[in-house]
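Chemist: So the protein lines, in turn, are chains A and B. With my numbering applied, the first sequence closes on residue 377, and no number is skipped along the way. With my numbering applied, the second sequence closes on residue 377, and no number is skipped along the way.
Any given hint could be a false lead.
No distinction is drawn between identical chains; accordingly, a pair holds when it is met within one copy or between any pair of copies.
Below are the BS3-like pairs computed for lysine-lysine, each with C-alpha atoms no more than 30 Å apart in a straight line [said to hold, decoys possible]:
hint, residue 1, residue 2
1, Lys174, Lys135
2, Lys206, Lys134
3, Lys241, Lys105
4, Lys174, Lys206
Simulated from the structure, these hints should not be mistaken for laboratory data. Note that the structure is predicted; figures quoted are calculated from it, not measured.
Protein chains: 2
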Amino acid sequence: MVYKQLVENIRSKRSFLCVGLDTDIGKIPPFLKKFDDPVFEFNRLITDSTARYSVAFKLNIAFYESHGAEGWKSLELTVDHIRRKHPGVFLIADAKRGDIGNTSKKYAETFFRKLDFDAVTVNPYMGIDSVLPFFDYSDKWVILLALTSNEGAEDFQLLRTGKSERLFETVLKTGSKWGSKENMMFVAAATRANMLLVVREHVPEHFLLVPGVGAQGGNLAEVYKYGRNADCGLIVNISRTIIYGDSTEKFNEVAGQKAGEIQQQMEALLKQESFL
Amino acid sequence: MVYKQLVENIRSKRSFLCVGLDTDIGKIPPFLKKFDDPVFEFNRLITDSTARYSVAFKLNIAFYESHGAEGWKSLELTVDHIRRKHPGVFLIADAKRGDIGNTSKKYAETFFRKLDFDAVTVNPYMGIDSVLPFFDYSDKWVILLALTSNEGAEDFQLLRTGKSERLFETVLKTGSKWGSKENMMFVAAATRANMLLVVREHVPEHFLLVPGVGAQGGNLAEVYKYGRNADCGLIVNISRTIIYGDSTEKFNEVAGQKAGEIQQQMEALLKQESFL
Numbered sequence: 102m103v104y105k106q107l108v109e110n111i112r113s114k115r116s117f118l119c120v121g122l123d124t125d126i127g128k129i130p131p132f133l134k135k136f137d138d139p140v141f142e143f144n145r146l147i148t149d150s151t152a153r154y155s156v157a158f159k160l161n162i163a164f165y166e167s168h169g170a171e172g173w174k175s176l177e178l179t180v181d182h183i184r185r186k187h188p189g190v191f192l193i194a195d196a197k198r199g200d201i202g203n204t205s206k207k208y209a210e211t212f213f214r215k216l217d218f219d220a221v222t223v224n225p226y227m228g229i230d231s232v233l234p235f236f237d238y239s240d241k242w243v244i245l246l247a248l249t250s251n252e253g254a255e256d257f258q259l260l261r262t263g264k265s266e267r268l269f270e271t272v273l274k275t276g277s278k279w280g281s282k283e284n285m286m287f288v289a290a291a292t293r294a295n296m297l298l299v300v301r302e303h304v305p306e307h308f309l310l311v312p313g314v315g316a317q318g319g320n321l322a323e324v325y326k327y328g329r330n331a332d333c334g335l336i337v338n339i340s341r342t343i344i345y346g347d348s349t350e351k352f353n354e355v356a357g358q359k360a361g362e363i364q365q366q367m368e369a370l371l372k373q374e375s376f377l
Numbered sequence: 102m103v104y105k106q107l108v109e110n111i112r113s114k115r116s117f118l119c120v121g122l123d124t125d126i127g128k129i130p131p132f133l134k135k136f137d138d139p140v141f142e143f144n145r146l147i148t149d150s151t152a153r154y155s156v157a158f159k160l161n162i163a164f165y166e167s168h169g170a171e172g173w174k175s176l177e178l179t180v181d182h183i184r185r186k187h188p189g190v191f192l193i194a195d196a197k198r199g200d201i202g203n204t205s206k207k208y209a210e211t212f213f214r215k216l217d218f219d220a221v222t223v224n225p226y227m228g229i230d231s232v233l234p235f236f237d238y239s240d241k242w243v244i245l246l247a248l249t250s251n252e253g254a255e256d257f258q259l260l261r262t263g264k265s266e267r268l269f270e271t272v273l274k275t276g277s278k279w280g281s282k283e284n285m286m287f288v289a290a291a292t293r294a295n296m297l298l299v300v301r302e303h304v305p306e307h308f309l310l311v312p313g314v315g316a317q318g319g320n321l322a323e324v325y326k327y328g329r330n331a332d333c334g335l336i337v338n339i340s341r342t343i344i345y346g347d348s349t350e351k352f353n354e355v356a357g358q359k360a361g362e363i364q365q366q367m368e369a370l371l372k373q374e375s376f377l
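Here chain A stands alone, though its shape is the one from the complex (with noise of 0.2 Å):
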């Protein structure tokens, strides 16, 4: 998907909501255990429930792979599936990838090849060469972590690199220089909302995807006070509060339901800003 696309998409679905499939099979609702694949089944349903309200998916990759080739198998099914049902939407997979060249190249044909994603988040600790393959796909996009939501964030990230400096900033302008704001956005976590503004001064025009709100705490009015840009430059994601909202056989719509309430407050947040 090309940025001007994904511009539009904000603006026409009044939303800037990624809905994260943090499909885990312990938290799905019992009755899905009947189907011959429980995982695909709970996407299908959540994804059809909810791509009204949405803009783009997660999938986090760590919780198909627990499954092995089976948790592949429900991995590219669902990746067919919003393929086929829902094309407009923005397609990640949240993967943390990153390593020499020539592995990086190898997890590039994975995700961009094998499986038709539009973006994977990429871990920037390695360095220039590790994001570099991930360019070689038109249209596709390197979302590497910069600030991100977790206690641990503290331990490297926030860590002083220069007089006036820390780390996840080093990330960023560095980082931006290996790709412009048409292939690549930033992790920035809703968790520590006041820090977007940081981070604003480093990537004022690329967009930013940011975890954290919900379960994990972080306010939506707030990211997009301190986050937002000219484009709203920003993807919000969402997973366990709109996914696991319900466990009957109305989960699904439950789970339409709380994604249109975030839709409602972001459109209203758009609008205050006069976006829409």
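Given the coordinates of chain A, assemble chain B onto it according to the supplied hints.
Modeler: Then chain B, alone, in the frame of chain A:
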């Protein structure tokens, strides 16, 4: 595998070699294409001919997952084969994973429960809670990235994070507090062999997994000189030089010879220090 067993294996095999199974369908001998699973067939023959010279095998997960569900099947078959035929070998998933706690927990399930690896490589960028879930499994190991073998290591790993300290040193200092020498190793590259002295200042007792000897240009004698400790403390990985030495039906014999030559060099080094 426990620490003591690993040291005993190094002593009895007179080797600290790890053979890297970066098995690329485009690089394996063409005659293997006739098998149902050429990747597994390659791995089966390579491991059978190199196991006597090696204390470890390292599977580069990117090369398997790029084939989707089928690739995970090859991975599972390879792990099963090694466990059955070469039970004393230390088995490393080179996966470079790491995410927030509930997700790292899933990655740990993948590599320690679903697949019976001894160790998984983990990226430190997300800090403590991305690492701790791997310690829930006894006799299993985290191998934390510190200083990698690629050019991009310079982008962030060599940044000053204190007056006299670089990021990879902070990772060693902080990371080594999360586990012990009994369940943690660090990746420290051969391509910057003199840096191993610095690494040893911070983690004198931990094992180091050393990539970069062979195709990437690192020197074995230097690695041993700067990196060894009283228990040897080194696992040196070599992939391409061993596994892609020949593309005929004798490729596995050639791989065995190459591994044997390296084992001889390692034995000579171990004897110099009266380790044997």
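Chemist: State for each hint whether it applies.
Modeler: Each hint, compared with the structure:
Both within a single protomer and between protomers do Lys174 and Lys135 lie at most 30 Å apart by alpha-carbon distance, with minima of 17 Å and 24 Å respectively. In the homo-oligomer, the alpha carbons of Lys206 and Lys134 lie at most 30 Å apart only across protomers (22 Å), although the nearest pairing inside one protomer, at 37 Å, exceeds that limit. Within a single copy, Lys241 and Lys105 get their C-alpha atoms as close as 13 Å, which meets the 30 Å cut-off; across copies the closest is 47 Å, which misses it. Taking identical chains as interchangeable, the C-alpha atoms of Lys174 and Lys206 lie at most 30 Å apart whether they share a chain (22 Å) or sit on different chains (21 Å).
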